[in-house]
Amino acid sequence: MNTTAIGQPNSVAIAFFILFILITLAITYWAARRTRTTEHFYAAGRTISPGQNGFALAGDYMSAASFLGIAGLVSTTGFDGLIYSTGWLVGWPVVLFLIAEPLRNLGKYTFADVVALRLKQTPVRIAAAIGTLATVILYLIAQMVGAGGLIKLMFGLSYETAIVIVGAAMIAYVLFGGMLATTWVQIVKAALLLAGAFVLAVMVLARFHFNPAALFGAAATKYGAGVLNPGKLVSNPLDTISLGMALMFGTAGLPHILMRFYTVPDARAARTSVFYATGLIGFFYLLTFVLGFGAMVFVGPDAIKLVDKGGNMAAPLLAEFLGGTPFLGFIAAVAFATILAVVAGLTLSGAAALSHDLWVNAMHRGEADSREELRVARVATVILGIIAIVLGITFKGQNVAYMVSLAFAIAASGNFPALLLSIFWRRFTTAGAVSSMLFGTLATLLLIYLSPTIQVDILKHQTAWFPLKNPALLTIPLSFIVGIAVSLMSERASVDDPAHQRRMHLGEISAD
Amino acid sequence: MNAAVTTNHEHTKRTGDTLPTTRAAADEQLKALAARRWRIALTLTAVMIVLYFGFIVLIAYDRPLLATLVTPGLTLGILLGALVIVVSWLLTFFYVRWANTHYDAALRSLNAADADRGAMR
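Residue numbers (my numbering), protein chains in the order written: chain A, 567 to 1078; chain B, 75 to 195.
Hints listed in this document are in silico derivations from the structure and should not be mistaken for laboratory results.
It should be emphasised that the depicted structure is a prediction, and the values quoted were computed from it without experimental measurement.
Don't take every hint at face value.
[Unchecked claim] Straight-line alpha carbon distances no greater than 27 Å define the calculated DSS-like cross-link-like pairs of lysine-lysine that follow:
#1 A:Lys871 - A:Lys1026
#2 A:Lys962 - A:Lys871
#3 A:Lys674 - B:Lys105
#4 A:Lys962 - A:Lys788
#5 A:Lys686 - A:Lys788
#6 B:Lys105 - A:Lys1026
[Unchecked claim] Quick partial rundown of chain A residues pointing at chain B, CB under 7 Å, derived from the structure:
#7 Asn795
#8 Pro803
#9 Gly866
[As the list claims (entries may be wrong)] Simulated coverage check for chain B against chain A, where a stretch passes if three residues somewhere in it have a Cβ under 8 Å from a Cβ of chain A:
#10 98 to 109
#11 113 to 121
#12 126 to 138
#13 144 to 156
#14 160 to 168
#15 177 to 185
Note that beta-carbon positions come from the ideal geometry of N, C-alpha and C, so glycine has one too.
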């Protein structure tokens, strides 16, 4: 495989891409007429069905990192890439068992609603907004940088143009269509992505009599038995465990995922939607096994790395090999749609943190007019969109995977422990919640700065102060300990626990 | 009033629990129900954690074992990775089925009792 159409403008890709933009803008126009109140803007009027929300959750979660990144990792490293495939799924059962239902019953728009419910609003909201914005902005940068590189490779557009297009489309979805448009963009994208990955996987397996073991065997024959076993990527055992912790518990702290549980009518719908999402995402990650090894066998690790050092073009190259330029065009457009949908979801959750948590509840004691809040949320959307565009251009060329894992580490250490403690532990106090969230977020940022990834790989120092690439192994337990210890040392909040319990299990209606 | 008695009766039959007549009794029943839900949820979470970190610890510390061939082309490592995904599905399926039938029915009867008390007041 010496020639590839990647990097040249591809008419099929452009046609599919324009079609996607037109469909999603039509959805946005339709949604805009139904987005009149804050409940519509943040939570789609709580009208999304469990099945729809299952697709939307899957759409929010299956980012470019999981489609292009994992396929790339598997195709260039073999088994090691599968650690991400499994790790990114196992967070979902945890979300279902521990978080989804109480979150839906106790909160309104953001996860900070739940943490702040029994505590002092202002400090908790500010701390939660810091954790949310740190997670959202890092995740946004990663997606923007990925989008810029991807579009440059696929459509031949300049990096900056690509970032501005993504930013403008994302602002349009969120600004006019709010959560309703964002949800349907996710659903369309999830269906496209699953269909594209499925067709690609079937085309790969068709060449091996639909026997995955024959595919893996072919990879082992060509590139050595080592590709089927853990390898270099996981050379430090503690690093492997730490990454696993960040992936598993990070999902339960991602603001844009948690926000989706407010779009369904009740806790039962929230629960059922996670079941659908887990099924769809698990199916998708099983497909990545096939796509990755398929790209390894048919395209080859060297050819993949020649196009993009990070291996991100493995799936598109595989599509080109199996289905020619038209299929490459389709997969390229799907990958672009994937990024566009994820950044829209992220922007909306960031805007909710700024308007609902900071502006309304921290600055105006929760006493703001709904219309005014809606206006603030829209201003916040534009501000976040512009920040994302500027940072996307500033961080050009950065390693995308490391920024995503950083976002997961912050979500797992800054947001998840406080959320879980506020649900489970009646002795949790304002001081405990604030210190746990701030400690988790700041300690994660600090340890990442002191890690080999920054100190050795980027700053070119000889050694790093902190040995692990991912700090979750240390920061998750410490955030719990800080939250519990500070709570025990501070004054107990006066709380009507039976009422809180009733609301957590029965929802808001029966509590009044 | 008659209607309330009938629904009460139905709920009693469905859940097998005696219905609470006071708020305090209702809170006690909710507490017991909530404790049952948390027990199941925490057990399933623990299973998930043990399963996934078992897999991760094997990757970190026992690579030769994962390199064992189950059939030609399929190593134990790849098989276990796929199994982690499949078992995650099964656990969520098990939980959602339990919650959608038993837990929700019990919640509904508590809710109905709540509404009945409201009507009687």
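Hints, verified against the model:
In summary, the hint linking lysine 871 (chain A) to lysine 1026 (chain A) is supported, as the alpha carbons are separated by about 23 Å, within the 27 Å threshold. Only pairs whose Cα atoms come within 27 Å are accepted, and lysine 962 (chain A) paired with lysine 871 (chain A) is accepted, the gap being roughly 19 Å. Of the supplied pair hints, the one linking lysine 674 (chain A) and lysine 105 (chain B) holds, its CA atoms being roughly 23 Å apart against a limit of 27 Å. Using a Cα cut-off of 27 Å, the hinted pair lysine 962 (chain A) and lysine 788 (chain A) is violated, with the two alpha carbons roughly 35 Å apart.
A hinted pair counts as satisfied when its Cα atoms are at most 27 Å apart, and lysine 686 (chain A) with lysine 788 (chain A) does not qualify at roughly 62 Å. A hinted pair counts as satisfied when its Cα atoms are at most 27 Å apart, and lysine 105 (chain B) with lysine 1026 (chain A) does not qualify at roughly 57 Å. For asparagine 795 (chain A), the suggested interface contact is upheld, since its CB lies about 4 Å from the closest CB of chain B, less than 7 Å. Of the supplied interface hints, the one on proline 803 (chain A) holds, with its beta-carbon coming within about 3 Å of a beta-carbon of chain B, less than 7 Å.
Evaluation of the glycine 866 (chain A) hint against chain B yields a violated restraint, the C-beta minimum of about 18 Å exceeding 7 Å. Three residues within the 8 Å Cβ limit are the bar, and the region 98 to 109 of chain B against chain A gives 5, so the coverage statement holds. Chain A is given as covering the region 113 to 121 of chain B, and this holds because 4 residues of the stretch bring a CB closer than 8 Å to a CB of that chain, at least three being needed. Coverage of the region 126 to 138 of chain B by chain A holds [criterion: at least 3 residues with CB-CB distance below 8 Å; count 9].
Residues of the region 144 to 156 of chain B lying with their CB closer than 8 Å to a CB of chain A number 9, which satisfies the three-residue condition for coverage. Interface restraint, the region 160 to 168 of chain B with chain A: holds (6 residues with C-beta to C-beta distance below 8 Å; minimum three). Given a C-beta distance limit of less than 8 Å, the hint that chain A covers the region 177 to 185 of chain B holds, as 4 residues qualify and 3 suffice.
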